Amino acid sequence: MMKETLNVMHARDMQRQKKLGRIGKVLVEIFNYLFLIAMALIVLFPFYWMIISSLKSLAEYRMSKPTFWPREIMLSNYMDAFTTASLGRLFINTMIVGIVSTLLSLVITILTAFAFARLEFKGKNMLFAGLLATMMIPGELFTITNYSTVTQFGWINTYTVLIVPFLVSVFYIYLLRQNFLQIPNELYLAAKVDGTKDIKYLWKVMVPLALPTLISITILKMMGAWNSYIWPRLVANDEAHRMITNGLRNAFTETSGDVNYPVQMAAVALVSAPLFLVFIFLRKYIMSGVSRSGIKG
Amino acid sequence: MVNSKQGWKAWLYLAPAIVLLLIFTVWPIINTVRMAFLDNYSGLRAAGGEKFAYIGFGNFAKVIEYRGFISCLKNTVLLCVWTVPISTILALLIAVALNSIKVLKKALQTIFFLPYVTNSIAIGMVFAAMFNIVGSFYGTENELIVTAGIINNVIEFFGGEHVNWINSGSSYEANMFVMIVYIVWNALPFKILVLLGGLQSINKQYYDAAKVDSAPRRRIFMRITVPLLSPMLAYVIITGFIGGFKEYTSIVGIFGEKMGPPDDAGRLNTMVGFIYDALSANNQGRASAAALILFGIILVVTMINMHVSKKRVHY
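Protein sequence lines, in the order shown, are assigned to chains U and L.
So in numbering that gives the first Met the number 0, spot 232 of the first sequence is number 231, and the numbers just go up one at a time.
So in numbering that gives the first Met the number 0, spot 176 of the second sequence is number 175, and the numbers just go up one at a time.
Each hint should be verified, as a subset may be incorrect.
Unchecked claim - Calculated pairs, DSSO-like style, for lysine-lysine (alpha carbon to alpha carbon, straight line, at most 30 Å):
(1) LYS199(U) <-> LYS8(L)
(2) LYS105(L) <-> LYS24(U)
(3) LYS61(L) <-> LYS50(L)
(4) LYS24(U) <-> LYS203(L)
(5) LYS101(L) <-> LYS18(U)
(6) LYS17(U) <-> LYS101(L)
(7) LYS203(L) <-> LYS283(U)
(8) LYS245(L) <-> LYS310(L)
(9) LYS101(L) <-> LYS283(U)
(10) LYS61(L) <-> LYS257(L)
(11) LYS17(U) <-> LYS203(L)
(12) LYS17(U) <-> LYS210(L)
(13) LYS245(L) <-> LYS73(L)
(14) LYS24(U) <-> LYS210(L)
(15) LYS18(U) <-> LYS2(U)
(16) LYS105(L) <-> LYS283(U)
(17) LYS2(U) <-> LYS210(L)
(18) LYS121(U) <-> LYS191(U)
(19) LYS203(L) <-> LYS309(L)
(20) LYS309(L) <-> LYS245(L)
Worth flagging that the hints you see were computed from the coordinates, not collected in a lab.
Please read all numbers here as calculations on a predicted model, not as lab measurements.
Just chain L, with the same shape it has in the complex (with noise of 0.2 Å):
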């Protein structure tokens, strides 16, 4: 039913979006490949008159030697590799548990949710509070004016000594594991909630020939849960690959923008962190050719994932 006038009035309808997306979505992908390849490109710079070199690769490989950019990327991949299994493995065992029961169901369902509408910044802030020493071990007998963070209480109530965990002095290990606890509180919900949706639809007559059969809980969840729900695992942990290799807001919630412990600042910065710190710095150029490095990542990572899917995953 193509004739010429539906045509036209179709991209009137298109019209705003297609002009919007011309602007910051078209041209961006080409601007930023091209400035990814001229020599030390910056904007400023250019308005200038100054006009710049093709070099090739040259970024990309002055930006792997940039100092900083190897702990940039040991940090992402670091917390990617600890966040997402962890975060799998906690979420398909709240919903499995979830699933089962009947009674407080959506009243604990809801409370699963609640981490997903926070702001992480914010939060961030809170669990810097939990975890932040204030004052000083010196104050007088009478008057102990100093609180380790609750976090720390906690461990001292169960007789273990307190930690520095992110004030000046604290060990990168220590970092390491706050913002780990933090990035996992934060994607729990979302993972919770899309298994939990898998497992509802999952067909109860599987479940009845197991049970027919008499077989153990643990066969049970091992090969029938996992497999009928791998799709909606795939779908987590691809998303959460992608979303922890674009980790930044919530280190900059519990650090602050120094982005570390404030002895050493920049240690916790992540690849997404960079660009920024190269676009502040008008080096466009380095910001592009860091970008494009991040997407090959990320896209390098979703299809390896998606291989794997493809020989587990059961549709």
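Looking at chain U on its own, in the form it has when it is part of the complex (with noise of 0.2 Å):
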């Protein structure tokens, strides 16, 4: 009699425990949604505000009070925001140094990585580690000298001053042969005993193999040409070489005042689109390179 009251009011108490852990548990995650829904929308909001400032008139961007849809849609100040920064040419300027030093790079960056990973050499493992510590040091300690440098080798003003200096980028190489070391040995010395040539060893099975992490690269690399700042206004902010981010900003020297924003907010979003694509159609390839940088570009 005694156990049998016991029990029902075990029951019972964990049927009330069970009970409030489940109100618990879906309160937590309305509240989950909430918080990330409103921080989506913080995080949304600028890229909404650049396209609607984008489409409206002078006029309505002007009003004391906002408007948060267009009332008439004036595609035109994207017509007056590609010739006023002239964005064509800074487009062409961009996509001629960012593919150019891409290719080179991933060269450099598959035979470095391949002598690191499967060749044996004297004092490899001091050379890696001294690779590898440079990437500590800021960029700025190398831009000092390196802007002599290339003026000592006349290349300003040229598409090389933009393409040479960055080529070899200790991460990438980091990065690669990690990738190539996960390959087995065994396919490489099977592929020796058939007499195959190391060069065509690397690009038949190690290219193949690490084609994710090169892809990586390439992404990441292009978006570096893209969001390039520093580098090329010291060293190459004429006409015929200026890149995109550049001409963006002396394009709108103002940004505070009396601006014409519609006009601004389109250009903006001109030089933005193109890396949202890119974005959309890789994100997979950008999330997982980006994991293991931890660096812009």
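Hints are included, so try docking the two chains, each in its own frame, into the full complex.
Have a look at this one:
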């Protein structure tokens, strides 16, 4: 009798506990969603504001009561932006620098990573450690001397100066070497027995197997070209070689006061669009590359 | 399996990288240290045959005394001290919330990553637009041709007074606030990505065990989630500080190259900005000394971070 009562009481307690737990869980879930959606709206707001501002007329933008959807969609702002900032030329320059530097950088990175991952030579580990140590040094420290060096080479205002000094990235070498090391050595030894040349093995076996890492490197490098600002401003700020970010900043020097924002926002949207397109199609590679790097571009 | 033939071949593979590294990485390190110890070294005048005396730590003393240096240092440190903790805590909360939901997870994850794939100058201009007051406040009654900027509109909507954020006559605090908001917004994606990756790799058994003991959520968070996530937290904090000390382009994005509101150019200049100013003034000695000081600061802060994390981080 006693035991039975206890059992009943216990069952009731457990049920209440469970119910409370379930209510708590639902509450936490609701709170989570509210928090996440609020944060997501904050994160998205600048993009939204950029797009609707770029479609407004100047008069509408300057109204004291803001409108959250343009009354009249002014696509002409985009035409104005394109011509004001001569974005066409800037796009072409940036693409030339981006594509050439990515291709050359990939070749160098593959060769170097292969040597560190598969070949044996004296001082290999010391050299690799030395390379990794340079990653700690802030880039500004190199820029000071590199500026003098490229001036002496006569490279100022050329594409070369935008491409060559940054072809070797220790981080990309590190990334690819780690990937190469995961490929079983037996494959390499088997290829050696068959008399396959190193370079052929590298091209036919290693490169295809490391393709995801190579794609990540390509995207990060292209994004780097798109976003680079400091170095191009220093060494190639002429009409013929100016890069997109500099062009944008130069075309719209005013940031506060009376600014024609609709056109400026249209230019910003045009400059941002390629990055978003790349992101939409290659999200996986970007996110995996970024999570391992911690650096932008 | 070291044989001389393979060794010779390895150097062939390494040659392009080594040549470029010698010119653009190794030589700059040596040269920067050299220039930092020469009296007011200028590349331009050196090309003209001028010799510069070795002055030991003189350049470093000059840099510290140079006008604007202390304010650059102060701005940089302030931005770090505000943005790193705020962005880390926000990113942690968002990552934990993201990790606990199922519906909409992928979509939200993508949204939170978006600020990463932006150009910090371009989006800085958008932030400037959001905070900027356009025109004067003396428009005619029928035709109000003035906007205080969307942020001020929101503040006024909730009954507040509009603030002069970035225009002429704005306060230092207001400028800093705008920078902090922008830098945090920009720093979130990377941190969320890393922390979420860490959360997903935590063994579910710990949480099951906590559930059996019916531990309260807050204790689970503080005693299980945070400690097991501590390596990732240490990682984002260290990279956050390193990035923070190199802050420059985000300020150019909002304030332009004047690095401050129109009536007080240079007010928001940072360490990196100081280095480039010295370089533009063709004073490589000062630029080098400042770059080495920056490197020293980053090194010390990273070492302190590592030391603290060695005690706190559970690997």
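The hints, checked one at a time:
The hinted pair formed by LYS199(U) and LYS8(L) meets the criterion: a straight-line CA distance of about 14 Å does not exceed 30 Å. Proposed proximity of LYS105(L) and LYS24(U) is supported: the alpha carbons are some 21 Å apart, at most 30 Å. Between LYS61(L) and LYS50(L) the alpha-carbon distance is near 19 Å, which keeps this suggested pair within the 30 Å criterion. For the hint linking LYS24(U) to LYS203(L), the alpha-carbon distance of about 17 Å falls within 30 Å, and the restraint holds.
The straight-line distance between the Cα atoms of LYS101(L) and LYS18(U) is roughly 22 Å, inside the 30 Å bound, and the hint therefore holds. Between LYS17(U) and LYS101(L) the CA atoms are separated by roughly 22 Å; this keeps the pair inside 30 Å, and the hint holds. Taken as a hint, the LYS203(L) and LYS283(U) pair is honoured in the structure, with Cα atoms around 25 Å apart against an allowance of 30 Å. For the given pair, LYS245(L) sits about 27 Å from LYS310(L) by alpha-carbon distance, which is consistent with the 30 Å threshold.
Restraint check for LYS101(L) and LYS283(U): satisfied, since their Cα atoms lie roughly 19 Å apart, inside the 30 Å limit. With a C-alpha separation of about 23 Å, the suggested pair LYS61(L) and LYS257(L) falls inside the 30 Å cut-off, and the hint holds. For the hint pairing LYS17(U) with LYS203(L), the CA-to-CA distance comes to about 21 Å; that is within 30 Å, so the pair holds. About 12 Å separates the Cα atoms of LYS17(U) and LYS210(L), which keeps this hinted pair within 30 Å; it holds.
For the given pair, LYS245(L) sits about 13 Å from LYS73(L) by alpha-carbon distance, which is consistent with the 30 Å threshold. A threshold of 30 Å between alpha carbons decides the hint, and for LYS24(U) with LYS210(L) the separation of about 12 Å falls inside it, so the pair holds. For the hint linking LYS18(U) to LYS2(U), the alpha-carbon distance of about 24 Å falls within 30 Å, and the restraint holds. Between the alpha carbons of LYS105(L) and LYS283(U) the distance comes to roughly 12 Å, so the proposed pair stays at or under 30 Å and holds.
Note on LYS2(U) and LYS210(L): the hinted pairing holds, with a Cα-Cα distance of about 27 Å set against a maximum of 30 Å. Proposed proximity of LYS121(U) and LYS191(U) is supported: the alpha carbons are some 21 Å apart, at most 30 Å. Of the pairs offered as hints, the one joining LYS203(L) and LYS309(L) holds, with about 25 Å between alpha carbons and a cut-off of 30 Å not exceeded. Among the hinted pairs, LYS309(L) with LYS245(L) is consistent with the structure: their alpha-carbon atoms are about 25 Å apart, no more than 30 Å.
No hint from the list above goes unmet by this structure.
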